[in-house]
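Taken in sequence, the protein lines are chains A and B.
Okay, so the first sequence: first residue is 1 according to the working numbering, each after it adds one.
Okay, so the second sequence: first residue is 209 according to the working numbering, each after it adds one.
Hints may contain errors.
Straight-line distance between alpha carbons at most 25 angstroms, and here's what the computed SDA-like set of lysine to any residue pairs gives [to be verified]:
(1) A:52 - B:285
(2) A:52 - B:293
(3) A:52 - B:287
(4) A:52 - A:42
(5) A:203 - B:318
(6) A:52 - B:272
(7) A:52 - B:228
(8) A:203 - A:174
(9) A:52 - B:238
(10) A:52 - B:262
(11) A:203 - B:232
(12) A:52 - B:297
(13) A:203 - B:273
(14) A:52 - B:295
(15) A:203 - B:236
(16) A:52 - B:280
(17) A:203 - B:259
(18) A:203 - B:262
(19) A:52 - B:283
(20) A:203 - B:371
(21) A:203 - B:237
(22) A:203 - B:325
(23) A:203 - B:229
(24) A:52 - A:26
(25) A:203 - B:238
(26) A:203 - B:316
(27) A:52 - B:273
(28) A:203 - B:265
(29) A:52 - B:277
(30) A:203 - B:276
(31) A:203 - B:295
(32) A:52 - B:299
(33) A:203 - A:193
(34) A:203 - B:239
(35) A:203 - B:226
Just so you know, these hints were derived from the structure itself, not from any lab.
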Amino acid sequence: MRTLQAAMLPGAHEPFPISSSVSHALSADDEAMRRVAAGDSDALAALFDRHKVRLFGFICHLVNERALAEDLLGETFLRVHRSRAAYRVGSGFTAWLYTIARNLALGELRRRSSWLRFHRRFSRETSLVAEWGIESDGTEAWETGEQVRAALARLPEEQRSAIVLKEYLELDYAEIGRVLGCTEQAARARTYRARQALRVLLKDWWEG
Amino acid sequence: MRPVRLPFIRSRHEGASSCVELTTRRIWQRRDGELDVVESQALERHLSACSTCRREANLLAGITQAVRADPAPAVPLPSGPQAVAWLREEERRSATRSRGWLLAAPAMAASALAIWAVTANRETRLAPQLPLASAYQAPPSRTDLAAQPLLVVVDDERTGRQVMIAPPPQP
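Pulled out of the complex, with its shape left as it was, chain B reads as follows:
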């Protein structure tokens, strides 16, 4: 890159390290309408003398031109009255949807209530019946279990030998 030693550059170099960098800035400034006539003329003089900056200017012009191009719609865009007719239709549909929901809401609520009632009733009928408190028998306590032997030795009359059996249940 060539050093900044060109006549179109003002007293301050604005941190630019090359004439291309400064030219780029000047071109954007001119595009934004922020370059006065004197600066603009100086820029033109520089561009006519510097091929590197001229190439850069062509690139920037190409960018601007390309960004400014209108895309072609896939189908022709509707006219204003057509668009308004569509908007009205959309608004009507939207209102219908809203009204439909408002009308459906009470029916849905009633259905939900009925389902809940049937389900709750069924659950009540199918729920296991708990025994009454008076019918409750407490399990044997730890002390009772310790006092009662798990096995007892008795004489087997058929074989004449002693065998171990579980004790008969006590009332």
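The following block holds chain A by itself, in its conformation from the complex:
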């Protein structure tokens, strides 16, 4: 492992690790993380501005609640800031960021699962439709969106994460594998299963 000497700016608390596969040209995110580790808050602000919309969307897909997604967005960047020394340049900032967000979201879902089980026992029909705040414009596209988001909420979390990472964030399968903690092939299989499951769930509505 090499260390990036240029990153040893005043205020940096430890040598910045850099993975062996990284090229000399750092990505914008890697460069920003290098500056964040050196105590540059402007770089952290730039990272937040660059990723906040998509990260919020990803978390919203996982937890189906906007207010909670907003809280988790802040928590995610708090973790990024606290773990800035642990980030390895060249290891893929996007996958690292979404792994943190997913872990936080899953932790929150686990905490809420007992309440949900209790609620479903007494509620004949629990709405799984995501509370997304997209106002109806009466078009077919809006209705399709609502149906798809409801179907998406019914998928197992691993499949839901896989298809959101693929379709919404347009990550490649290697990156999806890193976020989900599985191989590239497994990520591909989960995405395929998710697509097929969505297709099956929506087929009757689509043909009806």
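Could you slot chain B onto chain A? The hints should help.
Chain B alone, transformed into the frame defined by chain A:
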């Protein structure tokens, strides 16, 4: 379902049992950038000819479009500088909490020690005093109990009749 006999299908059918199934696969492959130009053109030709697959393609496009839509935040998301200010505040609060705990820890330990000392002392004072060993009297043995009668018959002077009474205690 119609059998697989369509021109866009390559030599191997990949286990697909219908043109819809294979079309679905091809559409996802194209979405992932894994379909070359020739295959993509073949797919388009098939879609223009097959209404079932066209409907399927519309469904898949709807799925993709819906998943790709951005949710609207309940309140506008903060700007980068606002987020950084919040992070600093959180870090400051966290540090205060940590320092507060460190300051409180010795005081809490001292309190616990004082409570323990008072409680231990009180327990010592309130504990029943055990008799000294020299003051201990052994209970009568089984042999003594067998030798001593439980009841004795005596004459009642008042009535002139015999009555049974417990024997007087022996020294």
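Handout entry: Earlier hints that do not hold, by number
Key = Going through the list in order, the structure violates hints 5, 7, 8, 9, 10, 20, 22, 26, 31 and respects the others.
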